[in-house]
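Whenever a hint applies, use it, and build me the whole structure from the sequences.
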Amino acid sequence: MPHEPYAVEMRGITKRFGTITANRAVDFALRKGEVQALLGENGAGKTTLMRILYGLYHADEGDIFVDGQMADIRSPRHAIAHGVGMVTQHFALVPPITVTENIILGYTDRFNIDLDAAHNKVAEASRRFGIAIEPRALVKNLSVGERQRVEIIKALYRDAKVLILDEPTAVLAPQEADELFESLKRLRDSGLSVIFISHKLHEVMAITDRVTVLRSGELAGTVNTAETNQADLAKMMVGRETFGVTKSDVNGRQGDIALRLEKISALDSKELVALKEISFEVRTGEILGLAGVSGNGQSELAQVLEGTRPSTGGRVSANGREITNAGPEQIMATGVGRIPEDRHESVVAEMTVAQNMALEHLHEFVRRGMLDKKRIRAHAETLIEAYQIKARPNDRIRTLSGGNMQKVILARVLERNPSVIIVAQPTRGLDVGATEYVRQKLLEQRQRGAAILLISEDLDEILELSDRIAVIYEGEIMNVLPAAEADIERLGLLMCGVSV
Amino acid sequence: MQIKIERSPAPVWFRPLIPLLAIVFTFVITASLVLLVNANPLSAYYYFLIDPLSSRVSAIEVLVKSTPLILTGAAVTFAFVGGYWNIGAEGQLLMGATAATAIGLQMHGVPAWIAIPLMILGGFLAGMLWALAPALMRVKLAIDEVVTTLLLNSVALLIVSALLNGPWRDPISQWPQSPEIAPSAIFPKLIPRSRLHLGFILAVIVVILVWFVLTRTAFGLRMRAVGMGSSAARFAGINVDRTMLISGLVSGGIAGLAGVTEVAGIHYHLIDAISGGHGYTGIIVATLGTLNAWGVLLAALFIGLIDTGAQTVSRALGVPVYLGDVIQAALLLVTLGFLLLQGYRIRWRRKG
Ligand SMILES: Nc1ncnc2c1ncn2[C@@H]1O[C@H](COP(=O)(O)OP(=O)(O)O)[C@@H](O)[C@H]1O
Ligand SMILES: [Mg+2]
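Here the protein sequences line up with chains A and B, keeping their order. Residue numbering for the first sequence follows the working numbering, beginning at 81 and increasing consecutively. Residue numbering for the second sequence follows the working numbering, beginning at 12 and increasing consecutively.
I should point out that these hints are in silico values taken from the structure, not numbers from a laboratory. Predicted model, so just to flag it, every value in this text is computed and none were measured. Glycine included, every Cβ here is placed at the ideal spot set by N, Cα and C. Any given hint could turn out to be false.
Using C-beta positions, here's what the derived DEER-type ranges look like [stated by the list, open to error]:
(1) A:Lys350 <-> B:Asp336: 57 to 65 Å
(2) B:Ser242 <-> A:Arg96: 29 to 37 Å
(3) A:Asp140 <-> B:Asn49: 26 to 34 Å
(4) A:Thr404 <-> B:Gly287: 29 to 37 Å
(5) B:Leu220 <-> A:Glu409: 21 to 29 Å
(6) B:Leu344 <-> A:Glu430: 22 to 30 Å
Next up, the structure:
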């Protein structure tokens, strides 16, 4: 079948980082006017492949064709000249200046800028592409969703024919994601080609025409969305059937209140109010999920409970003992285990796995005034074995993958059989295998009778694991629902501050 | 052909070579200065590095010169490992020397086995006391210790001058130098008819203690955790403020010991040039020694060698003595540069 040339085509792309091969002989072709998903687990090489297309990395092997012509893309400047635009996972906007200024930044080569004309052009582009944005707004005052729109307009303004979006929904509330999908459909219908990176199956099914799946840096295949389903895609992604963790509903041990928050308030790092009189309790043998859009006070709440941020009002107690504004040591002594949101802030990157595993309870590893290095090592070996961690005791922890690092933290907490577990974003950035492992472990702890507060921005995770679900919005608890009464729609509305 | 710089850490086997490479590189770039005064760089470096070791007398002198540097290097290391940037070893040394003098002057008729430990203790405490205010300001008020410890160096020097021009002015010569300390307070010589004194043993013991505390004790591990990642240390329940305070104070104490050895081992009285920058050189020593106790010992010996060689080289070739200082300063910059660069690699790539 003769067809018009692909919008872009990548042939035999290989990219190595030291010993890691992030892409191995990957072929990828994008038709004009289609939305194609680039699907794969975390670490599959999606971002790398697209950074190569956008000129941020240079492939070790392979060629790129734009509109049928071989293209030498050595920098984003070349990519833009070839009509390729990209919205990266971390936005490249300058917060203190306006939307328009950000959009024309680095684009105009004229010395003096006619700002009014520029504003008008941006406003016109916003209308034409159906993406609402206020040209004169300062970027620092925009929400994450709005900033993403600025990034998209920025790419389109530079006459992109191909738009790459790297995990655009990761930072959005469900309603915002829906809006984005509407915009993408409109853009496609006007002839734009879109590459949509994701690891979320339902999104891919909802808005794409074709799906290319990467697995461990290699091409697993390209399929038409209409001819596939979530189960098949999942199989392609991981190379095996995924097995959802199963929450056993019979659980006779749910009972006493183990963690209680009464009117907890706190400030964020900029001294602004982040938590407003938060109250809830978690019982033994239950997982309370705390859902919310990123940045609504989840981090601050976790830190207050972990003992790394003072509260400005209210009380916290665990197992009947007050731990309001207690330090980490005291909190751990009451039987609270802490798995923090930022893995890198809770392990000392330059220290070994064994040292990190011992660090929280170092006094237990001292003999006659000296560190008992044998004990530290043996302890690490036991945990590495028990938690299937792919590392040796003396490896520096920064050399571990995210999944293994998380297992180290998990091991160090769970080995002490905590009666209360505070866990924040436990699977962020982990691949499917590690994610399931972590969730399984949390369910085991619930079964054992631990009271678990699960703070997560991943709604699927919340729905899969929680017995009850609390929703936080702008530092306040909107509602606490039994899991049976919670569905995505209702939670989505609560997460956007709409009481239902 | 295309050259690219990528972020990727140097392999582990390469890291110990960095100080050595830095030394070689420093000699290459300082060669131009030697050429400038019409001397032959190779013979200059012969006098710098080899000649001092060729005679017993000058080899012993190398140990003498390195003694205070071992101590200030250990002091700086102890602070830096704990994430406390003590730039005040110079001032702490001066205070240690002042305390040693004050005690030494009172020791007439007191046996050496009392006088010497008393001076060592006094010098340690004085260094610690001088380090207290900046350390407290750091942990209580988050005031940058780099600035405060540095500024206090000048204050310490002014105090010493005030003492030497006031109460301690030598009554006989009227020079700004203190009277001599009691004979029993003078450090015994390790080798007769040389300048090598008990202070060298003290310095080596301190290195062993620092090594032991940093690598073999729970406190040392906590200190390293604080130094390498204070937020992770805090999360793990380590009292970051207390740990930092202790590492700053102990560091000051060790620097104070360097003042003791200079007074009791070399000069026997206090002069305002008692340090001559050993506190600052300690930063070079600690950096070149990659914050490792044994590395500090080696680095101090090396700098002691250059110090000794600088005199030989100027005598033999007419090169200014300051060349030794230039080499030391260049060495610090090059070592720092190399330590930074070890996080990167240069890639050559042929096009096509
Ligand atoms: N700049 C880099 N340096 C070293 N390794 C990298 C770099 N970027 C990505 N990688 C590695 O390449 C692999 C693929 O990463 P990435 O393309 O980000 O995956 P994805 O976007 O699919 O999650 C991972 O193992 C990652 O650690
Ligand atoms: Mg990615």
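Going down the list of hints, with the structure as the test:
no., hint, verdict
1, A:Lys350 <-> B:Asp336: 57 to 65 Å, "violated (47 Å)"
2, B:Ser242 <-> A:Arg96: 29 to 37 Å, "holds (33 Å)"
3, A:Asp140 <-> B:Asn49: 26 to 34 Å, "violated (52 Å)"
4, A:Thr404 <-> B:Gly287: 29 to 37 Å, "violated (55 Å)"
5, B:Leu220 <-> A:Glu409: 21 to 29 Å, "holds (27 Å)"
6, B:Leu344 <-> A:Glu430: 22 to 30 Å, "holds (24 Å)"
Hint violations for this structure: numbers 1, 3, 4, all remaining hints satisfied.
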